[in-house]
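Build out the structure end to end from the sequences listed, making use of the hints.
There are 4 protein chains.
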Amino acid sequence: MKEGLKIVTIGGGSTYTPELMEGFIRRYGELPIREIWLVDIAPGEDKLKVITGLAQRMWDAASYDVKIHATLDRCEALSGADFVTTQFRVGGLEARIKDERIPDLHGMLGQETNGAGGIFKAFRTIPVIGQIIEDMRELCPNAWLINFTNPSGMVTEAVIRHFGWKRAIGLCNVPGIAEMREPLNIGYKPGELTYQFAGLNHFHWHRVFNARGEEVTAQVLEHVNEKNGGTPVNIYMSPFDGDLLRSMGCVPCGYHRYYFNAEEMLEHSMEEFRRGGTRAEQMHRVEAELLEIYRQPGLHEKPEQLSRRGGAYYSDTACECISAIYNDKHTRMTVSTQNCGAISCLPDDCIVEVSSLISAAGAQPLAWGEMRPSMRGWLQMMKAMEECVIEAAITGDYGLALEAFTLNPLIENGREGRRVLDELLVAHEKYLPQFAPVIEKLKAQGVETNDDVVRDLLKRGL
Amino acid sequence: MKEGLKIVTIGGGSTYTPELMEGFIRRYGELPIREIWLVDIAPGEDKLKVITGLAQRMWDAASYDVKIHATLDRCEALSGADFVTTQFRVGGLEARIKDERIPDLHGMLGQETNGAGGIFKAFRTIPVIGQIIEDMRELCPNAWLINFTNPSGMVTEAVIRHFGWKRAIGLCNVPGIAEMREPLNIGYKPGELTYQFAGLNHFHWHRVFNARGEEVTAQVLEHVNEKNGGTPVNIYMSPFDGDLLRSMGCVPCGYHRYYFNAEEMLEHSMEEFRRGGTRAEQMHRVEAELLEIYRQPGLHEKPEQLSRRGGAYYSDTACECISAIYNDKHTRMTVSTQNCGAISCLPDDCIVEVSSLISAAGAQPLAWGEMRPSMRGWLQMMKAMEECVIEAAITGDYGLALEAFTLNPLIENGREGRRVLDELLVAHEKYLPQFAPVIEKLKAQGVETNDDVVRDLLKRGL
Amino acid sequence: MKEGLKIVTIGGGSTYTPELMEGFIRRYGELPIREIWLVDIAPGEDKLKVITGLAQRMWDAASYDVKIHATLDRCEALSGADFVTTQFRVGGLEARIKDERIPDLHGMLGQETNGAGGIFKAFRTIPVIGQIIEDMRELCPNAWLINFTNPSGMVTEAVIRHFGWKRAIGLCNVPGIAEMREPLNIGYKPGELTYQFAGLNHFHWHRVFNARGEEVTAQVLEHVNEKNGGTPVNIYMSPFDGDLLRSMGCVPCGYHRYYFNAEEMLEHSMEEFRRGGTRAEQMHRVEAELLEIYRQPGLHEKPEQLSRRGGAYYSDTACECISAIYNDKHTRMTVSTQNCGAISCLPDDCIVEVSSLISAAGAQPLAWGEMRPSMRGWLQMMKAMEECVIEAAITGDYGLALEAFTLNPLIENGREGRRVLDELLVAHEKYLPQFAPVIEKLKAQGVETNDDVVRDLLKRGL
Amino acid sequence: MKEGLKIVTIGGGSTYTPELMEGFIRRYGELPIREIWLVDIAPGEDKLKVITGLAQRMWDAASYDVKIHATLDRCEALSGADFVTTQFRVGGLEARIKDERIPDLHGMLGQETNGAGGIFKAFRTIPVIGQIIEDMRELCPNAWLINFTNPSGMVTEAVIRHFGWKRAIGLCNVPGIAEMREPLNIGYKPGELTYQFAGLNHFHWHRVFNARGEEVTAQVLEHVNEKNGGTPVNIYMSPFDGDLLRSMGCVPCGYHRYYFNAEEMLEHSMEEFRRGGTRAEQMHRVEAELLEIYRQPGLHEKPEQLSRRGGAYYSDTACECISAIYNDKHTRMTVSTQNCGAISCLPDDCIVEVSSLISAAGAQPLAWGEMRPSMRGWLQMMKAMEECVIEAAITGDYGLALEAFTLNPLIENGREGRRVLDELLVAHEKYLPQFAPVIEKLKAQGVETNDDVVRDLLKRGL
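Protein chains in written order, with this note's numbering: chain A, 11 to 472; chain B, 11 to 472; chain C, 11 to 472; chain D, 11 to 472.
No lab work stands behind these hints: they were computed from the structure. Among the hints, a few may not be true.
Pairs count within a copy or across copies, as identical chains cannot be separated in the list.
Said to hold, decoys possible - With a cut-off of at most 30 Å between alpha-carbon atoms, the simulated BS3-like pairs for lysine-lysine come out as follows:
id, residue 1, residue 2
1, Lys176, Lys199
2, Lys199, Lys440
3, Lys453, Lys440
4, Lys77, Lys237
5, Lys237, Lys199
6, Lys451, Lys440
7, Lys199, Lys339
8, Lys57, Lys199
9, Lys77, Lys339
Only a predicted model underlies this, so the values are computations on that prediction, with no experimental measurement involved.
Below, the structure written as structure tokens:
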């Protein structure tokens with residue numbers, strides 16, 4: 011790498027970008043950045059400008075000589091990049107509204123990275139990441155891709171296994187949140203305990219050990235249902251069944267609530283829906299407020315309000331990961347990377363989210379070994395679903411999409427489940443070129459477009 | 011084996027026994043039976059007498075010198091047995107009513123071999139089969155156990171892996187029904203096509219080939235939703251999604267409807283429930299009618315009415331299996347046996363239901379090889395669930411039971427799911443000694459006994 | 011398939027062809043052959059004519075209307091073929107002499123399907139079979155390839171996995187010889203016992219059961235060192251260590267002598283070599299004698315002398331396999347086919363030699379399950395060696411060839427081993443186009459051509 | 011752990027003990043040792059006294075208040091121990107002489123941890139370590155066992171899998187030597203490169219990366235045959251075949267020379283033997299010299315001469331490992347520990363030697379993933395051999411011992427191989443109680459005792 015790093019952020023117009031800037035500024039001593047390119051698409055140009063302005067003000071306030079570039083031309087940005095981070099959303103908030111609202115309309119969970127919504131997020135995102143990889147192959151063949159576009163695990167699997175880009179690591183903030191909050195509940199400080207994670211993105215478990223080598227997982231479990239139990243704030247805190255968790259002997263991630271408390275989580279989702287707002291719509295409000303704050307010319311640091319969102323720490327994790335690679339730090343982080351036997355009941359070459367050492371050579375996972383049957387059964391099913399989703403996202407094969415839907419435990423199998431699939435396909439037509447012939451047929455059959463779903467929400471001022 | 015075989019049927023008072031007799035009579039030329047012992051428990055003594063009477067009349071009419079013994083003393087029967095068949099139901103129809111009604115009461119599928127009901131059938135049955143094995147070890151150490159007590163796969167796994175009885179084969183009539191009916195739908199006669207089955211009991215798939223080696227699975231799939239499509243009559247025929255099946259490229263078994271059409275099957279189950287009758291209650295009526303017929307002293311053959319039940323051909327399959335062992339016939343049958351790699355995504359030592367050759371040395375499975383991801387994901391999850399169920403059935407561990415419930419796709423995870431578990435534990439207290447301390451605690455907490463569920467039904471004349 | 015079958019035999023000029031004819035004639039009732047094409051290469055034209063003459067006389071004597079065609083044009087023959095059998099030797103006897111003599115010269119075992127010789131047979135054969143497959147793809151896309159060109163397992167693996175021709179089965183006569191001879195040693199007739207084989211070509215084990223399901227493997231083992239113990243006549247009968255075999259609990263194949271009695275087999279090979287003759291040279295004499303007999307115009311049946319060779323029954327096995335496919339017979343045979351989990355310690359998609367059912371849909375292996383550690387260790391190493399050999403044969407990669415040599419237990423690792431590799435590469439230059447650059451370099455380094463090895467032998471009238 | 015650690019060293023009379031003392035003294039700041047118990051057996055009492063004296067002088071010179079106890083009573087020492095290190099040799103140098111000489115007498119490699127000698131070292135050692143574990147279970151149930159008794163991998167597998175002591179780690183100095191020497195050959199300092207090891211004890215490979223994440227394995231390979239190439243000094247430096255190593259793409263350990271250069275290593279072993287000395291005999295001389303030095307009352311530090319032995323750094327590795335556990339350091343070390351999928355082609359529960367993180371919770375392996383076929387084949391065979399050896403060591407089963415011999419690539423299979431087995435059994439009778447009936451029979455058959463082998467050597471002043 012030449013003097014000074016070139017960092018590119020695809021989806022740079024995200025309101026999370028100031029956190030990323032803060033993370034880079036804090037690490038400037040170890041990460042000699044030369045320039046940062048924020049890339050976004052035309053419809054987000056205004057937002058991108060606001061973000062770029064704040065970002066530059068942050069760097070200037072820190073008095074480091076780093077230039078922030080904003081561009082709509084991805085190729086210009088990628089040329090010669092050292093690290094590329096991805097945090098884009100294909101279709102933006104509008105698409106998210108549909109991901110959540112359409113399942114809700116059919117009595118199913120509306121959630122953006124799990125269930126039907128998560129599958130469609132993958133369907134929209136994977137072809138785009140494929141194009142980014144093609145550009146990178148040409149313009150920055152040695153760059154590292156740090157992906158935190160959701161669904162992070164599936165996107166990373168597509169990048170590594172299907173598009174063949176080995177220098178990639180997938181990130182998520184969920185493990186980090188657990189590591190920061192849980193120790194406080196049982197009388198330890200963050201960093202004093204050793205965390206062992208294994209599973210898939212948004213579907214992992216962990217065990218915890220203290221410095222005397224004693225397992226303290228059981229103690230952590232006692233607090234898992236508390237406000238600071240380690241679950242991200244965007245997940246409804248339906249209490250886990252203590253007997254179930256004690257029997258499993260591992261701490262689930264917050265997203266397991268969708269699976270282990272499916273009934274309560276669905277109820278809550280439907281209630282939110284009836285009350286006239288899903289997460290997407292709440293996010294819309296939060297985003298608008300944040301942007302208003304960012305516009306203030308006097309602001310030159312990450313505002314407090316950003317930390318309260320579900321995605322908090324995401325960007326900091328990304329900065330740490332980049333530094334661990336650049337400085338060959340061998341930092342222990344939980345990331346999405348190739349399994350290599352670390353979870354021995356899953357294929358060697360699939361992507362898992364697992365405690366790893368991050369060095370200049372990338373992520374090397376720590377071996378977890380065998381899983382007890384109940385965890386193994388869940389994991390194997392979820393990984394099989396992910397494989398179907400990715401394959402369908404690449405091929406546009408309707409049958410594979412149906413197979414993925416059938417495996418997904420948050421989608422009710424049968425008539426309504428298929429309707430959700432069909433309506434989401436039509437609703438997201440613009441972002442699903444790979445499914446074009448299928449969507450054509452569905453439209454000819456009169457499948458709902460659900461445009462009114464979004465229109466109605468927007469009308470109500472969202 | 012000495013001259014003339016001693017056959018023992020545990021649960022001999024079943025109304026299916028005449029079919030078993032018919033099967034043996036038809037094969038007397040190849041299966042030189044000396045005596046048949048029908049074993050049952052005290053509450054079924056009357057029924058046992060009726061059945062024994064008819065059975066003896068059937069043999070006498072065939073003018074073979076075979077003596078039918080009825081006994082309540084299992085040990086007397088097992089002593090020196092050559093083949094032991096098991097077709098008992100622990101708790102009888104009353105327990106089945108609870109297995110079906112209690113999930114229904116909480117809005118979940120009430121079905122006797124799948125969902126919560128199936129799990130409890132295993133909980134009640136596995137300890138009893140364990141005692142039978144103990145007796146066999148002492149009284150007939152070389153006998154073959156032909157199990158068709160449901161859930162047949164899990165019971166067989168308990169027998170072979172946990173109780174260590176290797177001379178055991180599990181049977182089910184579902185594969186046989188497909189082999190008899192499906193060929194007719196596509197212009198072949200039964201026996202002209204080659205069937206390849208793989209999966210678990212009540213959760214298997216098959217592929218079909220004609221005598222020219224051409225795969226005709228796609229043609230079979232075209233008729234899978236027809237009345238004679240191969241699904242047992244006891245399963246509600248909610249039509250399979252053709253696109254899903256074509257994509258999978260295999261014919262599912264009828265029980266897959268519960269999983270792939272969960273919505274419709276649940277609706278139908280709830281409707282039956284509201285109309286005042288589940289399968290158990292219908293069975294009760296059918297049983298009473300059959301018994302009335304069996305009592306007729308002039309009857310000396312299997313009555314026509316028996317064939318119309320869901321379990322049809324079960325017993326014939328058992329007779330054929332016994333003959334294949336006795337005569338070293340190397341017959342191709344689909345049975346529950348040790349995997350040995352036949353389904354390579356499942357552990358070597360678990361029990362699977364797979365096309366096998368039956369010879370004097372037992373069942374040897376034919377290797378199926380890899381499964382496509384969607385089938386693999388389903389199978390691995392279901393097998394993991396089975397492992398939890400069996401382990402819980404043996405240990406009486408409440409946590410394991412919860413883990414099994416969590417994995418079972420027909421049980422809604424969350425508050426209500428746990429309630430179903432608790433109420434079923436209390437409801438079946440009499441048959442669950444291994445769970446005694448757990449049940450004690452639940453009762454102290456005031457968990458429903460649901461005795462009125464059965465009482466109410468019985469009052470209404472069932 | 012249209013009326014009357016077209017059979018093509020590549021390497022039709024082999025002296026084994028009369029046995030093949032006999033097998034087809036005996037099965038004419040079930041295998042309606044229209045024409046048989048014997049294909050060979052120019053240097054074998056004379057021999058081909060002699061064989062074709064005898065073959066036609068044999069069919070005429072049987073008074074069936076089957077026409078035997080001889081051709082040097084493979085494509086003419088393959089066009090529209092139903093079954094293609096392969097029994098060719100690339101390089102003929104001369105190459106075999108080098109395969110055996112050159113290792114001998116360096117104090118290593120000279121044997122044509124094991125050790126260094128076997129590896130080079132694969133190196134010469136695999137590219138040719140690749141070309142045959144290319145022709146078949148165009149000229150007879152539905153034909154079955156029945157391979158009995160050695161090393162049969164590796165050639166079949168190349169055909170199925172690397173060249174992608176799924177309609178292929180590999181054959182060997184070794185399992186059949188065991189099934190015919192061993193029963194007689196322990197008081198049974200051939201066909202009365204059930205054989206269970208698993209392993210790799212020329213490296214498999216079997217267990218044996220009688221019609222009462224009792225394992226009689228131990229009894230078979232008692233006779234394994236006798237003249238009629240089941241070992242092919244071409245293998246020197248150094249006695250197996252009985253304690254070793256009893257501990258393994260399985261009957262090894264005759265070729266295991268090379269591995270388990272490496273010392274004695276090497277001694278014998280060296281002695282033969284010093285006495286002035288290896289197997290190749292003995293074969294040369296036998297071949298010449300046979301051909302003389304075949305020329306007799308009055309001969310119209312397979313002569314007795316043919317049966318006494320090591321390859322006896324090979325061709326009959328091929329006829330039976332073809333009939334099993336054509337007639338969908340579901341015959342139990344031991345063949346080289348895709349593993350599919352049958353031997354669970356080997357990869358699903360590799361080729362193994364295992365008891366299978368042969369039907370119109372091809373070979374389906376019977377699952378053997380786990381191997382005890384000592385058998386597992388041997389098998390996994392031998393399969394890894396095969397993988398290296400095949401990959402090297404296709405790529406011409408010298409490093410891979412070295413890796414294969416290192417794994418082969420019959421090649422001494424070190425300086426001399428590498429010399430054997432280099433000399434064999436140079437000696438077989440004509441048949442190893444894929445290794446051309448490597449051979450060029452070796453020749454420049456002055457590696458021996460060993461042409462005198464053959465010249466010397468030929469001079470002595472071989 | 012209470013204030014101050016109690017360390018126990020079984021085999022404390024070893025001449026390596028001063029190195030261990032030095033390692034502990036150097037780490038006293040982080041490892042607050044209270045007392046060290048050196049345990050040995052009666053015949054070593056004198057040596058133990060000499061060592062204890064020097065050890066105490068070393069601690070006193072460092073002016074730390076640590077008491078060194080010498081005892082022949084293992085139980086007295088183990089009571090309340092925190093860490094137990096094992097460095098004993100069952101049978102001492104005399105047994106080693108037989109391990110090396112008897113194979114040599116039959117023309118096979120005489121080496122103490124590989125080949126026949128290594129197998130017998132395991133046969134003698136495993137029953138003793140079993141007794142130690144029994145004592146530990148009672149006297150120090152929370153102690154960590156740090157094993158560096160060879161064959162370290164098999165002994166550790168016996169400890170963890172068979173005797174069920176999970177708090178155990180196996181050590182070897184070979185990986186550490188590579189890490190210290192190799193970097194210097196290619197322009198780096200020790201510690202600047204990242205090492206990735208995987209395999210079995212004395213049979214592992216490694217890859218090396220620099221701080222920019224670039225793989226430098228190829229560069230390391232260029233120097234593998236140099237004096238400072240990383241091979242321990244006790245191994246004869248027959249040069250590796252560069253083409254072979256480049257093709258494998260990994261650096262083998264020094265012991266691979268025995269396998270990849272079997273011819274040269276055997277020649278060298280035979281030459282040493284003919285010249286009247288094997289390693290054991292050289293060691294005997296070195297030991298005597300060292301002991302003479304240790305006796306000097308003025309000596310109070312580890313003498314220079316010790317560092318020049320093959321086992322150098324062994325003890326320092328042990329101290330570092332103990333400190334990593336005690337201080338929860340998460341140090342990256344290459345140790346023998348449970349596989350847990352780290353090497354995905356080997357069973358989850360076997361013991362492998364692999365880069366791991368050492369913390370208070372023990373060793374957690376880093377996942378290596380798939381192996382290329384040639385490495386996989388070797389590893390799987392060697393692990394299978396280890397399994398047979400361990401099982402035979404525990405059961406005294408002669409057949410298993412034969413199976414192990416058959417798999418071992420350094421033992422020629424056949425008549426002579428078996429003779430080596432038989433003679434070693436008889437020669438080591440005193441230390442092989444588990445094989446008593448077998449040995450009785452062999453002696454009755456007149457198998458050589460080979461006592462003269464040792465007598466002769468001792469006569470010549472060794």
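### Message
If you test the structure against every hint from before, which numbers come out violated?
### Response
2, 4 and 8
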